[in-house]
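Build out the structure end to end from the sequences listed, making use of the hints.
Residue numbers (this note's numbering): 69 to 775.
Incorrect hints may appear among the rest.
To be verified - Computed spacing ranges between beta-carbons, pair by pair:
#1 F723 to G268: 21 to 27 Å
#2 D756 to N556: 24 to 30 Å
#3 N556 to A417: 35 to 41 Å
#4 D356 to Q443: 41 to 47 Å
#5 F400 to V759: 31 to 37 Å
#6 A472 to E634: 52 to 58 Å
#7 D466 to P711: 43 to 49 Å
#8 D362 to L384: 32 to 38 Å
#9 A565 to D466: 24 to 30 Å
#10 E352 to D236: 37 to 43 Å
Keep in mind the hints are simulated off the structure, nothing from the lab. All C-beta atoms, glycine included, are put in the ideal place defined by N, C-alpha and C.
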Amino acid sequence: LKGRALGLDAIVENQATTDVSGRYVLEDVSAGRFALRVEVPGFEAFVDSVSVRLGADVERDIALSPEVERTETVVVLGDRSARERSNQPALVQLDSDQLQSTPSIGDPDPIRSLQLLPGVLAASDISSGLYIRGGGPDQTLVLLDGVTVYNPTHAFGFFSTFNTDAIDGVSLYKGAYPAAYGGRLGSIVDVASRTPASTGLSGKGALSTLSARLTLEGPAGSHGWSMSGRRTYLEPILSSLRRSTPEIPFYSFYDLNAKFVTDPTARGWAELVAYRGRDDLRIEPDRDTRLSIDWGNTVIFARYNQAWGPDWLGTLALSFSEYESLTDANVFNTPVGITNRLRDVTGRAQLDVRAGKHATTWGVAASLYDFRFAQTFNREVPIGFDSEPVELTTFVDDRWDVRAGTSIRTGLRTRWVSDGDRWLIEPRLAFSQALPNDLLLKLGGGIYHQYLQLVSTEGFSAGDLYVPVDETTSPGRSIQGVAGLEWNPSPAYQISAEVYYTDLSDLVAWDDRATADQESFTAEDLFVTGGSGYATGLELFAERRVGRVTGWVGYALGWSRRAFDELNSGESFAPKYDRRHDFKAVLSYRSGPWSYSTAFVFGTGQAFTPASARYRVEDPTLGSRTEGALVLPGRRNSGRLLPYHRLDFSVTRDFTAFGRPASWFVQFFNLYTRRNEWFVQFDDQSPDVEVFKMLPIVPSVGLSFSF
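Here it is as structure tokens:
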């Protein structure tokens, strides 16, 4: 503390140092006016004038402001999920920045971004369904903040239901997932919603050739809230096309996200999450024929968290998830209606405890399902089924840090299903060991069961139907094993290799002989049951995480087989989601305001059943033959479509509009317009084979902004 007499040439100094509480005393100060200066490293210096009268004491309290030091750019790498990844094999996580930077069609899409990882495939260019490590879309559980989303698609699978602006990131467990998850034979996709900021009102949005989206977030006292909305605006384009082609449909979709979080600094805080998304399709080719389909998801989730010190955290949660598809048709003045609905109400309690080298999670959950399917024809008595099974679940997951670099994770999940009064026991195990030269060895495995079975059309996701595997057959079971070696030479780079094997039993497959008007909907009636199989493979992955150039390169080599006594003469066959080779490369480059991103995909073609012969049937009494030829199928899925490959590219330019950051972007899906093969159809009137193609080049442009 320094004082200087003002207006005098001589400098009179009187200084002191504060104690730990900030108290100070300046003694023997003569009467007069002085400048008072306070200096503390890391804070802005304080200067003010002070008048001192003879024989008087003066008190002055001073509050300092932090000082901003301007230096060269410093990159700080923080990864809140690094501990989870280091202990858990087969886990990949993408944050919101990575999701935003990958090329897409119009809007960034977390599910399509996952399709750019090795071992993760799509049914087609217009599908957001996932084939992961030789499993079908029905074997992957998709979650929003831990709540199941039963049909996470828009536009028949062209988009997923997740608005990237409303999420923080996505975690993908390709296999051997821990005991906190369950219900599917293969993998888990867990999407985390965005945590709203509580510092001030802000927002961001985008306009593209296909849709518009807007996100707002802000404080409510010490609490935070966010709201996001997205909608297509294809109606003007479709209307113009409909003038010349009446068969062009009316179509639109929208989705809404909302989240409210109470003060996160309190020992107890609550979260409320809501999602609503709908698709609307109408076709009116003439006066006597029309088709209207309305489908979508609704998710509501409430959670309360209570902390008791740094080592105890309790959680209570209640969720509601519904998928509904409503079809209303009139075919030549004959009304037809189909109602397809699944509701899931789940309550969950969880306790996280840290004690020494152990971090343990205990949990219980109860789920009430409500299945409804009904179809009417010409207003007759509806045909369908309804079921309200109950599932009770308990789980325990323990991570034991044995010593530095060594971790063991054990878990046990038990499930009771009211259909058939069945108990399912599912142990889990994971192990990680740090090795010399920045290497990390990871092992994992477990037993998994699937009670809900998806009847998927894939080409038309609105018709997807979930059916419980009731007491007429056993639920599917998988035993998974994963082993991986990971090398982290620096925080910027990661290289890994992973092998996996999954043994499958009690599988079911949709029975093509099931008729639409049948009155029994048991699992035995709808499916071919008692199947077995396996999936195995190797995955290689290399990633650069920071710098001007970021991205990854991955390769997967895999085999997947299925066998049913009633199919393919009992011999094993490759399912259509079997892919031998899968190569992915994603590259992003940033230079000033410009950003460039490209993705290349190459893979083995999809398996299909070829025709082995064409024949006709002769009526022995009349001597006449059938019109056209019948097709004799060959061995199931013994043929392959041509290899799949495409190149995507996007460019983004940042700028400032009205003092706020903004950017425009141009994207090209399938840049060199490769018409990849989708499926094959045989014509009984012609020997020619019709091969249906996927999308050509799809350009899109848009503008994004924030405030």
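- Task: Could you check the structure against the hints above and give me the numbers of any it violates, in ascending order?
- Result: 2, 4
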